[in-house]
Amino acid sequence: MRVVIAEDLFLLRDGLTRLLEAYGLRVTAAVDNGAGLLASVIADRPDVAIVDVRLPPTFTDEGLRAALAARREVPGLPVLVLSQYVEQLYARELLADGSGGIGYLLKDRVSDGAQFVEAVRRVAGGGTAMDPEVIARLLDRNSADRAVATLSPREREVLGLMAEGRSNAAIAQRLVITERAVAKHTASIFLRLGLQPSDDDNRRVLAVLAFLGR
Amino acid sequence: MSAGAQTPGGPAPRRGRWPWIGEGAVAAARGVVLCGLALAGAALLAAMVLALGTLFRSFGPAPSGPDSFRLAVVAAALIPASLLGVRWLAGQTRRLAGTWCGVPIAAGYRPAPRDAEAGFLRRLRDRAGWLLTDAATWRDLLWAAVSGCLGWLLALAPAGLVVYGLIGVVLPSLGDTLHQPAPGRTPYLGSLPAWLAIPAGIAIAAAGLRAGPRLLAAYATFARSMLGPTRQAELALRVRHLAQTRADTIDSGAAQMRRIERDLHDGAQARLVAMGMTLDAADQLLDTSPAAARALLAEARAASAKALAELRDLVRGIHPPVLADRGLAEAVHALALDMPLRVHLASELPGRPAAPVESAAYFAVSELLANVSKHAHATQAWIDLRHEAGMLRIGVTDDGTGGADPARGTGLAGIERRLAAFDGALAVSSPPGGPTVVNMELPCALSSPKTSSC
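Protein sequence lines, in the order shown, are assigned to chains A and B.
Take the first sequence: its position 33, counting from 1, is numbered 33 in my numbering, and each next residue is one higher.
Numbering-wise, my numbering comes out as the position in the second sequence, counting from 1, plus 214.
Just so you know, these hints were derived from the structure itself, not from any lab.
Values in this document were obtained by computation on a predicted structure and should not be read as measured data.
Hints are supplied without guarantee of correctness; some may be wrong.
[Claimed, not checked] FRET-style restraints, in silico, Cβ to Cβ:
#1 B/H591 x A/G194: 44 to 50 Å
#2 B/R328 x A/S143: 22 to 28 Å
#3 B/T502 x A/A69: 51 to 57 Å
#4 B/R445 x A/A69: 42 to 48 Å
#5 A/V176 x B/P570: 48 to 54 Å
#6 B/D527 x A/R18: 26 to 32 Å
#7 B/L486 x A/S143: 30 to 36 Å
#8 B/A568 x A/T178: 55 to 61 Å
#9 A/R2 x B/R476: 30 to 36 Å
#10 B/P504 x A/R18: 19 to 25 Å
#11 A/P57 x B/R328: 53 to 59 Å
[Claimed, not checked] Sample of chain B residues at the chain A side, in silico, Cβ under 7 Å:
#12 R445
#13 A519
#14 V536
[What the hints assert, rightly or not] Going by beta-carbon spacing under 10 Å, a handful of chain A positions derived as facing chain B:
#15 L11
#16 V53
#17 Y85
#18 R141
Backbone N, C-alpha and C define an ideal beta-carbon position, used for all residues, glycine too.
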């Protein structure tokens, strides 16, 4: 799998490269600004781009805008955005085109290499990886919602993991239950929230995110 | 603020075909009260002058008996009493000019001396000095003199015109008896028929009612020229305000620095120290007990995650990244998205205010929204952001239970203090049962919208 990294801090850029290569991914380019990202994405056509939100020259949300620009340039390019802090506002902007292949994670998550690489692979495969903190706040915001309030605590847990973008198998492993139990929970959740059930993992995640973010 | 009939503090518009009749009647009644205040002031001034005269005479060459001594004591007591009386009357006139006539008058007094420890005589001397050296006191006396001679006529004019007109209406029926002309003199109404007094009287009374609010505003404006602060007093007030807000700002800045220092010291810093020790312990155990070492490493990783989370919260509290990235409107939008209630945001900001103003406004909104979700039992909130006439105006409304009081609760008072540093203001309307409406104003200019770089 081929990866392009855009991160302005040398320590993190270097660490990320080493981490990904340790897990058998190939870093084709590691740049430190938005323009460099755009150029290497067009030249290398990687399977996924990992982008820091804060990049020079403005050190604001340059990386986010560069990531969105890269996706316009290379339609369907999977992008994983990393940030020192997460905002629902930015998550919405990333998800706005509704086509998946989007990740939005706190930088802290790189400290769990296996989980992080799993998220990178998921995004590269067209899936979604939303930071648990984004999802926690989304759920918080919906806590007063009548449909969400009828969910059992377990179902709410499953809903959260689903919104993060995890597959049934991953959810089952995480909660130490069988995949069939997870399937039962997801069916119940979709029924309660009035959503169309779907076998397609990605479409399912986007439906849940759309419901929570409405 | 306009001084017309439809002033904010003036009477509410009445229903009916001729609302001005009611407004005029109210104005006439209020004019009588203001006239009473002016005449009372003049009476007190006269008493003071008389007392002064008596006092001088008692020290004069005239023979002084026990009677004149007693008189002098009474006179000496009368002077400060009437002085305070005039100040009180002036204060009432200021208040009523604002609430009744829509001409708010600020008091330009110097603050009273505060020296609780000093002895009685010392305090008496200080207070007397404070009263007598304040130019505003002497301007109050000037108001009493001028209002007592002339101003009261203006205040009484609406009522006077109405009464005079009404007398005219009833005159013809009384004319024969009351105004029987003496033999050889022209009749009261000359050669005109007596009934003409009726339309004339109605016209005069109507003019009095119609002009009432405006005459009252004219009186208030006239009073303001003496009761309002002079330019110098205004500047003194301004300096006092600036000194106060500057001290508050420095205090709150210092308090925030201390809080950040403490948070870092007890939080991230302590965690990093602990992490170092845990890693060292893991290092020791690596050969003898890899399982225990692995457990310690997991612990260290958890500690690093906690430290990062704490630093993130700290940064949010100092200057939220989204505010720096996107400006006030988007940052407030991001805040709204994190609220457990529906927040409707309307914003019209063509540019960005200066960073400190933006930050003050952001934290004010953040605090208000936190209040709404904590105390108001609201399901919805509305935020309105706009820039008009050199002011950043922010309205935050919720459909909750109301009862918010800036005098209690430190939250609203804190916001008010923070806004005051920028000459901003906060107004709260929160009747029991709701809704709560909070309006904030911050004078500021907007920079041109930031151009995006890609």
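Hints broken by the structure, by number, lowest first?
1, 2, 4, 9, 12 and 15
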